[in-house]
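Number of protein chains: 2
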Amino acid sequence: MGDNVSIYEQGLEKNAANYAALSPVSFLKRAATVYPDKVAVIHGDRRITYREFRDRVSRFASALTKRGIGKGDTVSLFAPNVPAMLEAHYAVPLIGAVLNSINTRLDAPTVAFILDHGESKLVISDRDLNPVMKEARAQMVSPPPVIDIDDVLADGGELIGEAEYETFLLEGDVDYPWSLPDDEWQAICLNYTSGTTGNPKGVVYHHRGAYLNALGNSVEFGLSADAVYLWTLPMFHCNGWCYTWAVTAVAGTHVCLRKVDPALVFPMIRDHKVTHMCGAPIVLTMLIHAPDDQKCTFPQTVKMVTGGAAPPSAVISNMQKMGFRIIHMYGMTECYGPSTVCAWQDDWDGLDEERQAVMAARQGVALVTLEEQRVVNSETMENVPADGKTIGELVLRGNTVMRGYLKNGNATAETFAGGWLHTGDLAVMHPDSYVEIKDRSKDIIISGGENISSLEVEEVLYKHPDIMEAAVVASPHEKWGETPSAYVTLKPGSDGKVSADDVIAYCRENMAKFKAPTKVTFGPLPKTSTGKIQKFVLREREG
Amino acid sequence: MGDNVSIYEQGLEKNAANYAALSPVSFLKRAATVYPDKVAVIHGDRRITYREFRDRVSRFASALTKRGIGKGDTVSLFAPNVPAMLEAHYAVPLIGAVLNSINTRLDAPTVAFILDHGESKLVISDRDLNPVMKEARAQMVSPPPVIDIDDVLADGGELIGEAEYETFLLEGDVDYPWSLPDDEWQAICLNYTSGTTGNPKGVVYHHRGAYLNALGNSVEFGLSADAVYLWTLPMFHCNGWCYTWAVTAVAGTHVCLRKVDPALVFPMIRDHKVTHMCGAPIVLTMLIHAPDDQKCTFPQTVKMVTGGAAPPSAVISNMQKMGFRIIHMYGMTECYGPSTVCAWQDDWDGLDEERQAVMAARQGVALVTLEEQRVVNSETMENVPADGKTIGELVLRGNTVMRGYLKNGNATAETFAGGWLHTGDLAVMHPDSYVEIKDRSKDIIISGGENISSLEVEEVLYKHPDIMEAAVVASPHEKWGETPSAYVTLKPGSDGKVSADDVIAYCRENMAKFKAPTKVTFGPLPKTSTGKIQKFVLREREG
Chain A
1 MGDNVSIYEQ
11 GLEKNAANYA
21 ALSPVSFLKR
31 AATVYPDKVA
41 VIHGDRRITY
51 REFRDRVSRF
61 ASALTKRGIG
71 KGDTVSLFAP
81 NVPAMLEAHY
91 AVPLIGAVLN
101 SINTRLDAPT
111 VAFILDHGES
121 KLVISDRDLN
131 PVMKEARAQM
141 VSPPPVIDID
151 DVLADGGELI
161 GEAEYETFLL
171 EGDVDYPWSL
181 PDDEWQAICL
191 NYTSGTTGNP
201 KGVVYHHRGA
211 YLNALGNSVE
221 FGLSADAVYL
231 WTLPMFHCNG
241 WCYTWAVTAV
251 AGTHVCLRKV
261 DPALVFPMIR
271 DHKVTHMCGA
281 PIVLTMLIHA
291 PDDQKCTFPQ
301 TVKMVTGGAA
311 PPSAVISNMQ
321 KMGFRIIHMY
331 GMTECYGPST
341 VCAWQDDWDG
351 LDEERQAVMA
361 ARQGVALVTL
371 EEQRVVNSET
381 MENVPADGKT
391 IGELVLRGNT
401 VMRGYLKNGN
411 ATAETFAGGW
421 LHTGDLAVMH
431 PDSYVEIKDR
441 SKDIIISGGE
451 NISSLEVEEV
461 LYKHPDIMEA
471 AVVASPHEKW
481 GETPSAYVTL
491 KPGSDGKVSA
501 DDVIAYCREN
511 MAKFKAPTKV
521 TFGPLPKTST
531 GKIQKFVLRE
541 REG
Chain B
1001 MGDNVSIYEQ
1011 GLEKNAANYA
1021 ALSPVSFLKR
1031 AATVYPDKVA
1041 VIHGDRRITY
1051 REFRDRVSRF
1061 ASALTKRGIG
1071 KGDTVSLFAP
1081 NVPAMLEAHY
1091 AVPLIGAVLN
1101 SINTRLDAPT
1111 VAFILDHGES
1121 KLVISDRDLN
1131 PVMKEARAQM
1141 VSPPPVIDID
1151 DVLADGGELI
1161 GEAEYETFLL
1171 EGDVDYPWSL
1181 PDDEWQAICL
1191 NYTSGTTGNP
1201 KGVVYHHRGA
1211 YLNALGNSVE
1221 FGLSADAVYL
1231 WTLPMFHCNG
1241 WCYTWAVTAV
1251 AGTHVCLRKV
1261 DPALVFPMIR
1271 DHKVTHMCGA
1281 PIVLTMLIHA
1291 PDDQKCTFPQ
1301 TVKMVTGGAA
1311 PPSAVISNMQ
1321 KMGFRIIHMY
1331 GMTECYGPST
1341 VCAWQDDWDG
1351 LDEERQAVMA
1361 ARQGVALVTL
1371 EEQRVVNSET
1381 MENVPADGKT
1391 IGELVLRGNT
1401 VMRGYLKNGN
1411 ATAETFAGGW
1421 LHTGDLAVMH
1431 PDSYVEIKDR
1441 SKDIIISGGE
1451 NISSLEVEEV
1461 LYKHPDIMEA
1471 AVVASPHEKW
1481 GETPSAYVTL
1491 KPGSDGKVSA
1501 DDVIAYCREN
1511 MAKFKAPTKV
1521 TFGPLPKTST
1531 GKIQKFVLRE
1541 REG
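Line order of the protein sequences matches chains A and B. This note's numbering puts the first sequence at residues 1 to 543. This note's numbering puts the second sequence at residues 1001 to 1543.
Mixed in with the good hints, there may be bad ones.
Stated by the list, open to error - Straight-line Cα separation of at most 25 Å, PhoX-like style, residue types lysine-lysine; simulated pairs:
{"#": "1", "chain 1": "B", "residue 1": "1071", "chain 2": "B", "residue 2": "1259"}
{"#": "2", "chain 1": "B", "residue 1": "1038", "chain 2": "A", "residue 2": "14"}
{"#": "3", "chain 1": "B", "residue 1": "1014", "chain 2": "A", "residue 2": "407"}
{"#": "4", "chain 1": "A", "residue 1": "14", "chain 2": "B", "residue 2": "1014"}
{"#": "5", "chain 1": "B", "residue 1": "1532", "chain 2": "A", "residue 2": "303"}
{"#": "6", "chain 1": "B", "residue 1": "1014", "chain 2": "A", "residue 2": "71"}
{"#": "7", "chain 1": "A", "residue 1": "519", "chain 2": "A", "residue 2": "497"}
{"#": "8", "chain 1": "B", "residue 1": "1407", "chain 2": "A", "residue 2": "14"}
{"#": "9", "chain 1": "A", "residue 1": "303", "chain 2": "B", "residue 2": "1303"}
Unchecked claim - Calculated Cβ distances over 12 Å to all of chain A for the following chain B residues:
{"#": "10", "residue": "1023"}
{"#": "11", "residue": "1140"}
{"#": "12", "residue": "1465"}
{"#": "13", "residue": "1476"}
The hints are simulated quantities; they were obtained by calculation from the structure and are not laboratory data. Here a beta-carbon is modelled for each residue, glycine too, at the ideal position from N, C-alpha and C.
Work out the full structure: start from the sequences and follow the hints.
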């Protein structure tokens, strides 16, 4: 002990009593200890208590090890929101393996690419999705073995695997010992981006980030042991935005849902006394425009997080009228889902509803567990002025940012340039420090040298009483370079009520005239597997 | 890249974008960004917004560095719950220094011991406490310099320092740059145990543990941005059980309070719309027995955490009648304050009030951020049976356990024997996995070979309609070895209503006869500086 060593660096080392790796697996261990007989999972008529949840996870983990799977091995799940999918979020990390939840809307070649690139050792696949899985495996040189999930609520499909999931569980030992990872930086999940161009990239999460994002979301979303969480968000989507873990952290109840069908969602909210749910804006739109006979009322207010794209303000206020309180968060696969939140300010209470919705539709501020967010000039990494006008790139940093892209050092280095996660989203910083995304860089329309935000035009279109969905892209124009072209879906019953000229006239009345679309096309919109509108398809149509 | 290296260990390293040291200092940075104009601190007529809070902390940190204080240096605070004390919880760690909050009820020799042992470089001391500080410094060979807090709400005292706190702040730069510690394991606080025997021991906390315990407590206590937290708990007590940081993490409002006086507490709850507070059981007793003209009603339910000793069930139900919802947590200096919670179970709703109070008075289960708790045979470290009867020692482990005792390797090693924090509390594990503390080891009374829990006897005494406070210790006895001796304070107005024989007869009716006290002494009880009853003083009286 030299004289120069601080007194605080002598004899105060880490040991088994005062240091444990942060891992969301600990949440289940605790919930099963404290609330063994509480319903952890509801799936159709089935109820799984926290004791059973833990025991099933123990068997699952043990069965994996008996098949030779261990630390650093990838296990893929191809399933809707069923108990097996939730259980995989604990069993796979418990043995140090890496959970690869595959987007269920992907086609066979993409699934084959993911299984191959992620070096998957085992696939657990739902019978409904097996036709795609079968085709994907047929395209692979050495496809991984399959365990089937023969869910009673599945519609059809087929069984293609070595064993059924429930039988597979019985291979495992219910007394399998639980232990924490050697290092909280160890990989926990591998989530492929939906990638509008090129091959999907494999985003790697670690135990520490999953633990922290789950806790941060619990605080921000006000989760407690009373929470009843309805799974309207796919669990394959950034691990259900980490709510697969957050709900268990507070020992709430998970209500499974294979498919977002308003005819199921409304009665489930009422019957299970749902308190919390999440979903992309498309889910909100589906619920708002559900036929009246599918809707039902419920006495509680349901807190609902939405994100992925800015919800149009009309959508927020319509949801509130139906009994939902909308919380707008923002995130992406690279940052474990929700990382910023449009935190409500007391003085917004005094604003009119319209103005409130405008404030609430912004992407907002960093969650408590995200270290920092900025809007910068991507070249210089200098902050743009906080004037609500100057467009820059939204960049993030903190413990809830991915480790990087699997086997893709170049993309990792590019995304982390300058020590920040580059989101690729173009945003402004408002004077109140709230971020608002104006566009993906490629969604800016440059007309006569002026930048037009396609989101801004869409925001106005969504307020039109007959319009259900809208997407605006650039259309090449001889004189102006580009002009906005709008693709629009009308509400049920509104067909034929409005013409393209009506819509253009409406836009010219409600925005700077140069921003108004010069073309309007009616019809259904192309969507990605995660429900995002595929603007690149529309752009191709514009040539 | 060798073939044997996992794909997850290639090119996925920590960097500035995806790794940040966990530090509670980040909570203030965020709160000031998101809620700059919100009231962060109320102190008398004064209001400090989050922007001002941050700016004052920046100046404080800068002023410290200008006086040569830096990483690893100890800065002592000797103050009641005033803004300077709260600000120190951010300014001192911000520069990598270590905050040493000294119990304001200690005497001069003990304060001198702490300043000397902790190698304090600077003391910030409240004028009311300066007579003690002056005496303490007079006993030291090289006493640290003093900054006075000349609080307008102070009663008297004197100024003894080089500068007054507000002037000292002006020495600092409001633009002082904020940075995170190099390592989240770095020391953040040094808290001395109250130590009933021998010299106090210096418990060292780290940034990681403070961050995690603040988040875990936020989740468990249901804190949100609406929280108004009244400081009935001393901030010097395990850093206010980490609520100095937790309240800021959710950007709630801190309401300062120099002294727990029911005449102040009740109107403050009403006027500031207090939602949350904490305090030792003695605070509950004070509030319950306050004169009627000091009490006032309030429309909200105030959530109140209590701990430190098991609150008698009569106290819990009396508090609930006044509008408080009591949450029972347990902890000690060595584990950052609250580490376990008596989490409410839905099926307790169906129990009668008496039985509910019995369930709720237990120490309960691990908080979500504590890794594990067990009740063990201290020799073998084997679990005792979960039968609610077999007594063992409560041991804890996890990230919210101290680094160790400063400059006391032997005590550190002893406390961490076998890789667990030994609490020294004797407890049983109930079949529902809830822990109940039966006694400190020295508080067990052994009578005729039977163990008698002094807490159990006290629990019965607290239910007597005329008894306000009770403490039971062993009294030497020729035949039985030891018998229980009760020390009792009667409620205001009950003096002379009951005799010692009445109390003994009451006990014999309400517990196994061998457990009933054989002696009853009336009068005020000796208390430690943190309000705990000093049983060792009573034991000495028994000889």
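(request) Say whether it holds or is violated: residue 1465 of chain B keeps its Cβ farther than 12 Å from all Cβ of chain A. (result) holds, 35 Å
(message) Can you confirm whether the C-alpha distance between residue 303 of chain A and residue 1303 of chain B stays at or below 25 Å?
(response) Holds, at roughly 22 Å.
(message) For a C-alpha distance cap of 25 Å, please report whether residue 1014 of chain B and residue 407 of chain A respect it.
(response) Judged against 25 Å, a Cα distance of about 16 Å means the pair holds.
(request) Take the C-alpha atoms of residue 1014 of chain B and residue 71 of chain A, compute the straight-line distance between them, and say whether it is at most 25 Å. (result) With a Cα-Cα distance of about 20 Å, the restraint between residue 1014 of chain B and residue 71 of chain A holds, given a limit of 25 Å.
(message) Please verify whether residue 1038 of chain B and residue 14 of chain A have alpha carbons no more than 25 Å apart.
(response) Roughly 39 Å between the alpha carbons, so the hint for residue 1038 of chain B and residue 14 of chain A is violated.
(request) Test the statement that residue 1476 of chain B is away from the interface with chain A: the closest C-beta pair must be farther apart than 12 Å. (result) holds, 37 Å
(request) With 12 Å as the threshold, tell me whether residue 1023 of chain B passes as away from chain A on beta-carbon distances. (result) Violated, since 10 Å does not exceed 12 Å.
(request) Would you check the hint for residue 1407 of chain B and residue 14 of chain A, treating anything up to 25 Å between C-alpha atoms as holding? (result) holds, 16 Å
(message) So if I understand the rule, the pair passes when the alpha-carbon distance is 25 Å or less; does residue 14 of chain A with residue 1014 of chain B pass?
(response) Between residue 14 of chain A and residue 1014 of chain B the Cα gap is close to 20 Å, so the pair holds against 25 Å.
(message) Holds or violated: residue 519 of chain A and residue 497 of chain A, Cα atoms, limit 25 Å.
(response) holds, 17 Å
(request) Would you check whether the claim that residue 1140 of chain B is not at the interface survives, using Cβ distances to chain A and the 12 Å cut-off? (result) holds, 17 Å
(request) For the pair supplied as a hint, residue 1071 of chain B and residue 1259 of chain B, confirm whether the alpha-carbon distance does not exceed 25 Å. (result) violated, 32 Å
Violated hints, in rising order: 1, 2, 5, 10; the structure is consistent with all others.
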